[in-house]
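Chemist: Read off the chains here:
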Amino acid sequence: MILSGWESFFFWVFAFSAVIAALLTVMASNAVHSALFLISTLVSVAALFVLLGAEFIAGVQVLVYVGGVMVLFLFVIMLVNVGTEERGGGEELYNRPAQVGASLFFCVLLFVGLISAVNLSSAHFRAQPTTPGQSIEQMSAEQALVRETEQGMVASATGTSKISSDTERVGASLYRYGGLPFEIASVLLLVAIVGSVLLARTAKQEAAADDLAPETRAELSGDEALGIK
Amino acid sequence: MHNLLASTFLLWQESVTGRMWQGFQHPDLTKFLIIGAVLLTVGVAGVLTRRNIIIIFMSIELILNAANLNFIVFSRYLQDAGNANAVAGQVFTVFIIVVAAAEAAIGLGIVIALYRNRETIFVDKIDLLKW
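First to last, the protein sequences are chains H and A.
One point on numbering: in our numbering, the residue at position 46 of the first sequence is 180, and numbering is uninterrupted.
One point on numbering: in our numbering, the residue at position 53 of the second sequence is 91, and numbering is uninterrupted.
If you're looking for bench data, these hints aren't it; they were derived computationally from the structure.
Glycine included, every Cβ here is placed at the ideal spot set by N, Cα and C.
Some clues are possibly wrong.
[To be verified] Partial chain A-side listing against chain H, Cβ under 8 Å, derived:
1) Ser45
2) His64
3) Asp66
4) Thr87
5) Arg88
6) Arg89
7) Ser113
8) Gly120
9) Asn123
10) Ile135
11) Ala140
12) Ala143
13) Leu166
Take the sequences, apply the hints, and build the full model.
Modeler: Dropping the structure here:
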């Protein structure tokens, strides 16, 4: 697949915004700013998914990540970070300098390795002609754009427009090949819900839930054992 | 190392002949892979350098997103090559998103429990098991 025209313009816009927002996520001093930059990275990556023709995954990314996971992150930052801000913000953001230097060196090595691997395999991506006997250079930009967008699209019910069949294909593939993993994922989510409720409740809530030993409850309901926030 | 030098030289040669401008105007799947590599590297740097455990969790989300991007790219490549089950990469991405959501829920629950007990969210202060 080779993008052209407006698609390539939007590719560069969203690629740069994803990378810059990812860097700011890691470097921001305030955790709330960090979460907001991560949201913008996730939305940019969702736009890249749309450019790659994966509309369903883009929607899931925006709904689940931005709508669910990041709201959870913001709630936890609100619960946890207020105390550290009040205690005086003189805290170090990063680890010790030697640690940071070693980590960055490792990251540079990792990046060089990944880029050289991509370079080695790039011939496969470039050499693939979109139609036999006709390369992208011989096609005009408009032709290529129209052909790329028409690909993998079916007429809508009224026949006036074309819609992407990506969701249909992903759903069919999910239920045909991934039935058991799907059920396992649902059990995993149930376990995660129960586990996070158990982990995050306070001692007072535990005492109220009537699942403590009687002596423990007596101890907790005593004078100042509930001083735990 | 030799391969790296050779590919760097090839890139320079391409830019001389104007092929780089062509690649800029018509980005192919390799560019998406490079974006994925950048996101993964930034995420690893965040995990290794930051002290705030919540920001470390966010960096893990970045790494998972880079993996998702790579899966979608290869799924698109298989679609162009006419593979029968070409959307398998997208199905895998759905499962990665599910696991990331579960991991975030459990991890943030642990963070809250830890903050109640230790009053800190800095990973180098949490050294109870360190001898």
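Chemist: Now tell me if each hint is right for this structure.
Modeler: Right, here's what the structure says about each hint:
1. Ser45: With a minimum Cβ separation of about 4 Å from chain H (threshold 8 Å), the hint on A:Ser45 holds.
2. His64: holds (5 Å)
3. Asp66: holds (5 Å)
4. Thr87: holds (5 Å)
5. Arg88: With a minimum Cβ separation of about 6 Å from chain H (threshold 8 Å), the hint on A:Arg88 holds.
6. Arg89: holds (6 Å)
7. Ser113: holds (7 Å)
8. Gly120: violated (11 Å)
9. Asn123: Hint holds; A:Asn123 Cβ to chain H Cβ min 6 Å, cut 8 Å.
10. Ile135: holds (5 Å)
11. Ala140: This hint holds: A:Ala140 lies near chain H, its Cβ roughly 4 Å from the closest one there, short of 8 Å.
12. Ala143: OK, holds: A:Ala143 within 8 Å of chain H, min 4 Å.
13. Leu166: With a closest approach of 17 Å, the A:Leu166 hint is violated.
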